[in-house]
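Undergrad: The lines below spell out each chain.
2 protein chains.
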Amino acid sequence: MNLNLSNNHQQLLQTAIRALHERTFFSQYPENPTPDVYGENADKEGRDMYKAHLNQPFSELLQEDPAAWVGQEESPYEQQPLGITYPFFAPDTLVTRAEEAFHTWRKVKPADRAAILVETLERVKNRFFEIAYATMHTTGQAYMMSFQASGPHAADRALEAIAAGLEEQTRFPEETQWEKPMGKYNLKLNKQWKAVPKGVALVIGCATFPTWNTVPGMYASLVTGNPVIVKPHPKAVLPIAIVVAEVQRVLQENGLNPNICQLAVDANDHLITKELAENPLVKLIDYTGGTEFGNYVESLKGKTVFTEKTGVNSIILDSVEDLDKVAQNLAFSVSLYSGQMCTAPQNFFVPESGVKVGGEVVAYDEVVRKIADAVTSLVNNPKAGPHILGAIQNPATTARVKEAASIKGKEVLSTCDLSNPVFANARTCTPVIYEVAASEPESYSRELFGPIVLIIKTKDTNESIAIAKEMAQKYGAISCGAYTTDPEVKEKIMDEMSLAGTPVSFNLTGGIFVNQNAGFSDFHVTGGNPAGNASFTNPEFVIKRFTWVGFREPVAG
Amino acid sequence: MNLNLSNNHQQLLQTAIRALHERTFFSQYPENPTPDVYGENADKEGRDMYKAHLNQPFSELLQEDPAAWVGQEESPYEQQPLGITYPFFAPDTLVTRAEEAFHTWRKVKPADRAAILVETLERVKNRFFEIAYATMHTTGQAYMMSFQASGPHAADRALEAIAAGLEEQTRFPEETQWEKPMGKYNLKLNKQWKAVPKGVALVIGCATFPTWNTVPGMYASLVTGNPVIVKPHPKAVLPIAIVVAEVQRVLQENGLNPNICQLAVDANDHLITKELAENPLVKLIDYTGGTEFGNYVESLKGKTVFTEKTGVNSIILDSVEDLDKVAQNLAFSVSLYSGQMCTAPQNFFVPESGVKVGGEVVAYDEVVRKIADAVTSLVNNPKAGPHILGAIQNPATTARVKEAASIKGKEVLSTCDLSNPVFANARTCTPVIYEVAASEPESYSRELFGPIVLIIKTKDTNESIAIAKEMAQKYGAISCGAYTTDPEVKEKIMDEMSLAGTPVSFNLTGGIFVNQNAGFSDFHVTGGNPAGNASFTNPEFVIKRFTWVGFREPVAG
Chain V
1 MNLNLSNNHQ QLLQTAIRAL HERTFFSQYP ENPTPDVYGE NADKEGRDMY KAHLNQPFSE
61 LLQEDPAAWV GQEESPYEQQ PLGITYPFFA PDTLVTRAEE AFHTWRKVKP ADRAAILVET
121 LERVKNRFFE IAYATMHTTG QAYMMSFQAS GPHAADRALE AIAAGLEEQT RFPEETQWEK
181 PMGKYNLKLN KQWKAVPKGV ALVIGCATFP TWNTVPGMYA SLVTGNPVIV KPHPKAVLPI
241 AIVVAEVQRV LQENGLNPNI CQLAVDANDH LITKELAENP LVKLIDYTGG TEFGNYVESL
301 KGKTVFTEKT GVNSIILDSV EDLDKVAQNL AFSVSLYSGQ MCTAPQNFFV PESGVKVGGE
361 VVAYDEVVRK IADAVTSLVN NPKAGPHILG AIQNPATTAR VKEAASIKGK EVLSTCDLSN
421 PVFANARTCT PVIYEVAASE PESYSRELFG PIVLIIKTKD TNESIAIAKE MAQKYGAISC
481 GAYTTDPEVK EKIMDEMSLA GTPVSFNLTG GIFVNQNAGF SDFHVTGGNP AGNASFTNPE
541 FVIKRFTWVG FREPVAG
Chain R
1 MNLNLSNNHQ QLLQTAIRAL HERTFFSQYP ENPTPDVYGE NADKEGRDMY KAHLNQPFSE
61 LLQEDPAAWV GQEESPYEQQ PLGITYPFFA PDTLVTRAEE AFHTWRKVKP ADRAAILVET
121 LERVKNRFFE IAYATMHTTG QAYMMSFQAS GPHAADRALE AIAAGLEEQT RFPEETQWEK
181 PMGKYNLKLN KQWKAVPKGV ALVIGCATFP TWNTVPGMYA SLVTGNPVIV KPHPKAVLPI
241 AIVVAEVQRV LQENGLNPNI CQLAVDANDH LITKELAENP LVKLIDYTGG TEFGNYVESL
301 KGKTVFTEKT GVNSIILDSV EDLDKVAQNL AFSVSLYSGQ MCTAPQNFFV PESGVKVGGE
361 VVAYDEVVRK IADAVTSLVN NPKAGPHILG AIQNPATTAR VKEAASIKGK EVLSTCDLSN
421 PVFANARTCT PVIYEVAASE PESYSRELFG PIVLIIKTKD TNESIAIAKE MAQKYGAISC
481 GAYTTDPEVK EKIMDEMSLA GTPVSFNLTG GIFVNQNAGF SDFHVTGGNP AGNASFTNPE
541 FVIKRFTWVG FREPVAG
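Chains V and R supply the protein sequences, listed in that same order. Start counting the first sequence at 1; every next residue gets the next number (the numbering used here). Start counting the second sequence at 1; every next residue gets the next number (the numbering used here).
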């Protein structure tokens, strides 16, 4: 087919495939929202574009004949409805249209699909600032995270999925001649192989990272030839609606059915996720969100399912070079987006004998105090606090932080009020810290989503490791931070946490945090523990979306 | 580690990895049991070695302290017990020993594991003839198939799994430096990745292909660092027991725990498969066998499962060049090992208007007659029949063939007696053929394992394709044969059957049959329909056996 694209994108795709294997730094989309990169007026224009959506129907989608217009987003910064409505379609309509679109999309060659999808990211790039404001006012993320996570970082993750999907679909020859020596003659067969897509894909988004957690599965399914129904969380639709609109536009420009990628929204009185997920024509499901619904999705028969659920992330403190730097680093990690990240640490394991710092030992109580002080100092810094914490997406998170006071343990930091200098009505909440005993697992054996830190006093680092591993194996974990200057302890932590399928960041200080995962380098969620069965973007994340089917025939003559 | 091997095998492994991608002919183990290849006395020595096992305990395994000695094999050729006993262990003992062995095996580098496993195949090669006789007298396969399928073809499939496993575990760097430009400075992290094996693996074998269907999963789990418990069908233990013994010997020679690969047998009064499968430490299960038990295995929570169950394989007859050659080819396919192959065709779709042959049309009845005549002529040829049909593994199969007489349809060929010239007491059964109407799906909508052929009269080829596709989607299919000289019909069959995840062989005549699948070229079972979720050996077959886990730390200084 003749593609109508700004560039053929094949060179970028080959670069991206190489980057997947080198796993050194690679990024296609600049993460700094600065004028020198994105243009003098990009920020203002993006904000204006965001504002123009408010109290209007979102009319960019190319999906015809909606049954209704619905919307229920509200800004965590303003605690006011956004008033944006989206076209509503019955689940059967969405699936029927997807199935119809399937039969054109699956016949497009993988390399052409990949190029078309890269073009969609180039278009989305022009809307990064608009998406950033949309993300702020749905998720409560601060401006910088909203820009980076929903814009360039998400686009890099999408590109990663496209590249991996293209590579896997082209790892075997389209055709070859097989010639087997049979003694007196050779048996000759012409053989062909097709990477056959599985069918209609559903991508279920979450309320905190509406594009970052959605685009990997969405682009992975698309590049492998499956039509996608994107079902965002009803409270965070706009950021991904903009992405879907751009995808539909590029599809249409290339003579393809825009329903290859559809947006599906819940009506207030009609939640459609289960109906979609249970439809027998839906073969692939990507899900990000809570464990209970995730387990339901994983239990569905006849589906290939990719989940990112929740986990209990640990910090293991054994020995450090500079305890103040460590405390500052950890304070940032627990404060960033008020702990509303799947990679945010929750359980801090500190030996009762304290932490070795150089040649000295700093007592347990002093370690706890330093961490608490670092948090207090960070959140009370008016130049930093509000820009790191952002706002709380869901009132249930605020309630959970308040309930944390009933945890069996000792209060170190309770919720303090924080006012946002720009948004007087923002829903905010700063980290709370409780000390609990290692012997009270019911206190720390579950994810407490939000800015809640538990410091667990252990007998020694061996017990810290054993509990962190057990938590990850039983309840899942997406990240682990460990601090040790002892090579043997380090080796042990690597070995034990690897068996719990948990990546470990060692001795982070300064400008890099355990919460952060870089596209093209860090695998995100490994599939090795109950936190989820999928990993952005390892080969498994794309190859399960299609089936190799072979054809053969004797060579004529 | 210093390996104690006949060769370092790395060059062979690289050749095998290349072959995986070229998918042209590649075979490491010669399939012809001829003296020029395997030596003048190889056959006789192999038969003697087989005979020496009879009525003796199988004492080669390096598994200590069995709880009992048990055995229940009998020869389908002699209908007599073999009298061989094997060491029995309680499931908990097996799993505990496997878990213990896990922690040494997982620390061996993938390349070393692969080399050790190739060495085991070199040892097994010396026992191909012994394994051939063991296979004959457990499965009922004829001599040639017993040799080829259980010996060289199985070893090629094992090598394929080793090569694929090695490739996938080395696709990402063990370590790298990640350096991100931050404007005024560069953020530098040392990163490492480990392919972490999932844990104890269980491989459940079947009674008809005791090594061919077992070694792919067994070697795939081993090469990826998982200890394996091999649980054969109680009626077909000896062929794979020999393989396991050779694996254990090579492990021991290399200072490794032989329990990295254990044999697990059922006692007459204690079937252990479910206990093993349900043990929470068992993380990986490979299964070959019936659908019902396969569905049970697939339903187990917290396991990664690979199945090959059963399917309803179709032949679509549209147009041919030489109907006699087609009939002969199909007669061979249904007679080979008396239809006891997962790839044997069952449902033959013939249009009521007949089949185009060159410029003519041969009437439906004439097509049916030609197929029946070809079968009759083949089975009655004393030089060919017994050597193709072999014996019937399970008396239930004979019973099923007899019950086929009650199918709603018209008898074309009913069971004829066949005497084997060498084994007077052999349990034999030749193919039966019934005509059924397309409008009677209950007659053909299930696998009738064994030499049972249904000829289904359809309105036209479009209906033939539609039903073949529907059968594959609903009940699974592992093979499909199609005969057409019309390029458009061919394209349609490819497209429709690809959506049913079913490989298609077109226009086979002469010495190549729809039942046959070549290692390193044909994917066996695609995972794209209910016949099974695994495919020998696509990348998915190995990557789901381990988890990528990353580690990172700031660069010092």
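Hints were generated in silico from the structure; no laboratory data involved. Possibly wrong hints are sitting among the right ones.
Heads up, the list lumps identical chains together, so a pair's fine if it works in one copy or across two of them.
Straight-line distance between alpha carbons at most 25 Å, and here's what the computed DSS-like set of lysine-lysine pairs gives [stated by the list, open to error]:
no. : residue 1 : residue 2
1   : Lys125    : Lys44
2   : Lys325    : Lys184
3   : Lys408    : Lys303
4   : Lys490    : Lys370
5   : Lys283    : Lys303
6   : Lys474    : Lys301
7   : Lys370    : Lys410
8   : Lys109    : Lys490
9   : Lys51     : Lys184
Source: prediction; values computed, not measured.
Undergrad: So, for every hint listed, does it hold in this structure?
TA: Here's how the hints hold up against the structure:
1. Lys125 x Lys44: within (15 Å within a copy, 73 Å between copies)
2. Lys325 x Lys184: between (76 Å within a copy, 20 Å between copies)
3. Lys408 x Lys303: The answer is neither: 41 Å in one copy and 35 Å across copies each exceed 25 Å.
4. Lys490 x Lys370: within (23 Å within a copy, 73 Å between copies)
5. Lys283 x Lys303: Intra 5 Å, inter 20 Å, cutoff 25 Å: intra and inter.
6. Lys474 x Lys301: both (24 Å within a copy, 14 Å between copies)
7. Lys370 x Lys410: Within one copy, since 16 Å is at most 25 Å while 87 Å is not.
8. Lys109 x Lys490: between (47 Å within a copy, 20 Å between copies)
9. Lys51 x Lys184: neither (78 Å within a copy, 35 Å between copies)
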